[in-house]
Amino acid sequence: MIPDALVLEKGITARDQWVTVPAERIREVLSALKTDGYRLLVFLTCVDHLIDSSREFPARFEIVYQLRDLEKPADIRVRAFVGGESPRIDSVHDLFPTANWDERETYDMFGIVFSGHPGLTRILMPDDWVGHPLRRDFPVGGEVVEFSEEHQTWQTAPDEA
Amino acid sequence: MGVEELVAALGDNVLTTTLNKVIGWGRGNSVWPAQFGLACCAIEMIAVATARLDIGRFGSEAMRASPRQADLMIVSGRVSQKMAPVLRTVYDQMPEPKWVISMGACASTGGVFNNYALLQGVDKIVPVDVYVPGCPPRPEDLLNALMILQERIKARGIATQP
Amino acid sequence: MSTIESPGVTVSRTGEQGAFGGELLTVNFGPHHPSTHGVLRLIVDLDGEQIKRVQPVIGYLHTGIEKQMEALRWQQGVVVTDRHDYLSPPINNLAYALAVEKLMGVEVPPRARALRVIMSELTRLSSHLVWLGTSGIELGAMSMLMYCFREREQIMDLNEEISGFRMHTSYIRPGGVFADSTPRFLEMLDKFVREMPGHVDEYEDLLTMNPIWRARTIGIGRLPAEDAKVLGATGPMLRGSGVEWDLRKSMPYSGYEDYDFEVAVSNDCDCYGRYLVRIKEMREAVKILRQALDRLPDGPVNIDDRKMLPPPREELETSMEAVIHHFKLFTEGYTVPAGDAYVAVESGRGENGCYIVSDGTHKPRRVKFRSASFVNLQALERMALNHMVADMIAIIGTADTVLGDVDR
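Chains as they are written, first to last, in our numbering: chain C, 1 to 161; chain X, 1001 to 1162; chain A, 2001 to 2408.
Every clue listed holds true.
Chain C side only, calculated, beta carbon under 7 Å to chain A, not exhaustive:
id, residue
1, T13
2, L40
3, T98
4, W101
5, V140
Label pairs and their in silico Cβ distance ranges:
id, chain 1, residue 1, chain 2, residue 2, range
6, C, L8, X, P1085, 43 to 51 Å
7, C, R27, A, P2337, 31 to 39 Å
8, C, D69, X, R1052, 41 to 49 Å
9, A, E2381, C, E85, 32 to 40 Å
10, X, R1052, A, R2194, 17 to 25 Å
11, A, G2018, X, R1057, 47 to 55 Å
Because the hints were derived from the structure by calculation, they are not lab data.
Idealized CB from N, CA, C, for every residue including glycine.
Taking the hints into account, I'd like the entire structure generated from these sequences.
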C-alpha cells in the first residue's frame, strides 16, 4: 500500500478510484503499487490546467497514471502535479516498460521532461517541430472557417495566456 | 486515287490524330494505381479491388507496390505534416505521365480535422486531377472518379501537357 | 558510414561486427511500404538476414485528434472518435459514449445497450476480416482478401441499413444510439448470423492446415505470456500468448455480462496462435450476435433527457419547448460535470480506452485515447528479435496495428 505520508488527497470520481501524490516521489508510489499487484500501466498522460475556473489545482500540469491489477481486477489512478517553466518528473520506464512510448508522447505533446528516460525524443511530430501541440496555449491551427463560431475565437488559447 | 492525291486530300494529321486516339485509349484503359494507402480511405480502396466492385473491369486492378511502375496515385486518407514530404517523394518517383486522385475529404481539404497536424488539402503539394468527396467515399465514388479520369486521359491522348 | 539509397529503402553500414563474420546493416522499411499496414516506418539492424534491432518510427498519420476534440463540443466529438481506429469505429464511439455517460451519471435503456453490443460485435467481425484478408495477401494467400471482403461488404450493408453510412457510422452516441434498428436490419442480421459460421469454416479450410501459412506463422514472433503482460499487450496479442484476459469478461461494460461466450485463448504464443485466437473470436462474435438478436429487448433506444439529446421530429411541430431545446442543443451543446473518467472497451486489437477530463463546460478539457495498437507495437522488437527479415511481415501482420490508432 502507498504510505499515508505520500498521499496528498484521495477520492472516487465517477466510480474511479484515484490518489494524488507528490510529483518528486512518484517512483516510490508506483513501485509500492506495483508490489501490491498493480502491474499494468494502462496509460500515462498529462492534462494541462492552464485557466480552469471550475476547480483549484496545485500546478499547471497534471500527470495521470492509470494502473491496473489484472488479478482482482481493479484500477487506480495516480495523479501528480508539476509546474514551472520546464516541468519535470521522474521516468518510470524501468518499472513499467509501456511507459517508454507514453512518456515520449507526453514529452512531445506537452513538453514534460521525464528524467532518466533512455531516449526522450519526439515521437508523433516531426523532429524539427517547434512547440508542444496539446498545451492549451498552442493554437488548434488549420485554416479559419468563415462564418463559423470559431471564426473569431478559433484559438483555444485565452487572451491572457 | 493516287498516293499524292490521298495525302493532299487528308493532310498530315490523320495518322497523328489516330495515334493520339490509340494512345489515349490504351493509357486510359490501363491506369495502374500506386499502392499508397494512408488511412480509413485505404480500406475502401482495398474494397474497390475485391469481388463486389472489381476495379479490374476498368483496367486498374494492378496496384503497383513501387511508384516507378505506377501512373496513378490515389491519395487515400489524411496526409500529416510528417507524411507530406514522403508523399511528394513518392509522387516524384512516378514516371510521367502521371495522375493523382485525391480520395476523401481529408485528402481534399483536411476534412473534419482542421488542425495543426494535417496538411489542409493534398493539392498544396501535388497537382490533383480528380477530387472524390466523402469521409470515406463509397467505393463506387472512387470508381466514378476513375472513369472521369479515364475520359480525360482518352481526350488528352499523346500530349503530355494538358 | 556509407549510405546506399534506392527508392523506399535506405541501407547504411553500422560498422558493428555480426555473428557470421559480416557487418551489421541498417535497413529502412517504409513509411510507404506495401506490407507495413499503413504508414509505419521501421529502422531495422540486420546481421545477414537476421533482425538484431528494430526501431519503429511512428507519427506519419498523426491527426491531432486529441487536440481537435478540445475544440469540438461534447456531442460533436463522436464524429472524430470514429476516425482514430478506423477499423472499429463503433467500438471507439462506445468508449467515448460510456466515458461521457459515466461522468454524467446516466444509464442508457436496455435496447440501446443491446444495439451497442450488436454494433460492437459486427465491427469486431469486420475488423478481423480486414485483418485476415490483408495478412493473407501479405503471406501469399491471395484469395483470402476476396473471401474476407465478400463478408465485410455484408457488414457494411448492415451498417448502412442501420446508420446510413458504411464505415464511420457515428452510431453510438452519449445518451443512446443514433436511431432504432429497422425491421430490414434485423432480417439482414439474422441471415448474416446464420451464414457467417459457414464462412468462417471456409477461411479455416483455406488457412488452418495450409502448409505455407503454417510454415510462415508457427514459431514466428514468439511472445511468452510473461513478456506480453510486462509489455502491456492487450487483445489477441495477449490472448494469443495464453493469458485469459478479455475486458468483456473481466470488466464487463454495456451489458456484456448477460451474454454467454468464451474467451478465445491460445497457448501457442506465436503468429499462428494469434491467428487462431482471431478465428475463434469471430465465431464467438457470431454467438453473441445470435443471443443479442434473439433477446433484443423492446423499448426506447435513447435516454429521455431533452438537455442531452434532441427531441423527436414530431414534437418540434407542436411544442415550443422542444424547439428551444433543439436550438440550445445544436448551438451550445450540453455540459458535463467537472471531473474525469476512464472507460476501457475491448476492440478488435485490445483495450481501446477513453479518458476524458471535463471542466464543466460545453467542450472537453482533455480527451485521451488509450489505443491498443500504440502499446502493442512496443512489443514488436521483442517478437522480431533474431527472426529473418521476411518474418517481419508476418509479425507486423499478426500484431494487427492500425496506424490511425497508433498515431491518433
